[in-house]
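Asks: Sequence:
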Amino acid sequence: MRLSTRGRYGLHAMYVLGKNYGLDPIPLSEISKMTGLSNSYLEQLIRRLKKNGLVSSVRGSQGGYFLTRNPKDISIGEILIALEDFFGTTECSTDEGYCSKQGYCPARGVWIEISKELITKANSMNLAEMVAGKYMR
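In this note's numbering, the protein residues as written are 2 to 138.
Hints may be right or wrong, so weigh each one.
What follows is a list of derived Cβ distance ranges for each label pair [claimed, not checked]:
1) Gly61 x Met126: 19 to 25 Å
2) Ser57 x Thr121: 52 to 58 Å
3) Glu85 x Ser57: 17 to 23 Å
4) Lys20 x Arg49: 29 to 35 Å
5) Ile113 x Arg60: 42 to 48 Å
6) Lys52 x Ala129: 21 to 27 Å
7) Glu114 x Asp86: 17 to 23 Å
8) Ala123 x Arg60: 15 to 21 Å
9) Thr6 x Arg138: 15 to 21 Å
No lab work stands behind these hints: they were computed from the structure. Even glycine gets a Cβ: it sits at the ideal position worked out from N, Cα and C.
Build the full structure now, drawing on both the sequences and the hints.
Replies: Right, dumping it as structure tokens:
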């Protein structure tokens, strides 16, 4: 399984917002500087995160983006699901209607089980732990 750039870069943007939690909203340009991502790409990522209720914004000269909840209450799984079109090993492991070989594919059950474990693990990790450096390697 490989995450798309949306998942990888969006998680980085959420890290920046998590570091800023409880402070003033952070402008998109500042997130851009800290992540090395363009404003236009960040806007796409933030749009998905806002749609899923993880991020909100304030307009104006003192405006910017902020987390809607404490980082300890936001799982890594929730972030990745918000950013990715599907989150699992294969599309057929997460979308019942996707697999044309459903019912007679010998591998589908394997992918489903691996996807469940992946999602369970991602949901057990939270943004606060990431911000604190628990997963820094």
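Asks: Each hint: holds or not?
Replies: Checked hints:
1. Gly61 x Met126: 19 to 25 Å: violated, 34 Å
2. Ser57 x Thr121: 52 to 58 Å: violated, 28 Å
3. Glu85 x Ser57: 17 to 23 Å: holds, 21 Å
4. Lys20 x Arg49: 29 to 35 Å: violated, 20 Å
5. Ile113 x Arg60: 42 to 48 Å: holds, 43 Å
6. Lys52 x Ala129: 21 to 27 Å: Roughly 22 Å apart at Cβ, these two residues keep to the hinted range, so it holds.
7. Glu114 x Asp86: 17 to 23 Å: holds, 21 Å
8. Ala123 x Arg60: 15 to 21 Å: violated, 32 Å
9. Thr6 x Arg138: 15 to 21 Å: holds, 20 Å
Of the numbered hints listed earlier, those contradicted by the structure are 1, 2, 4, 8.
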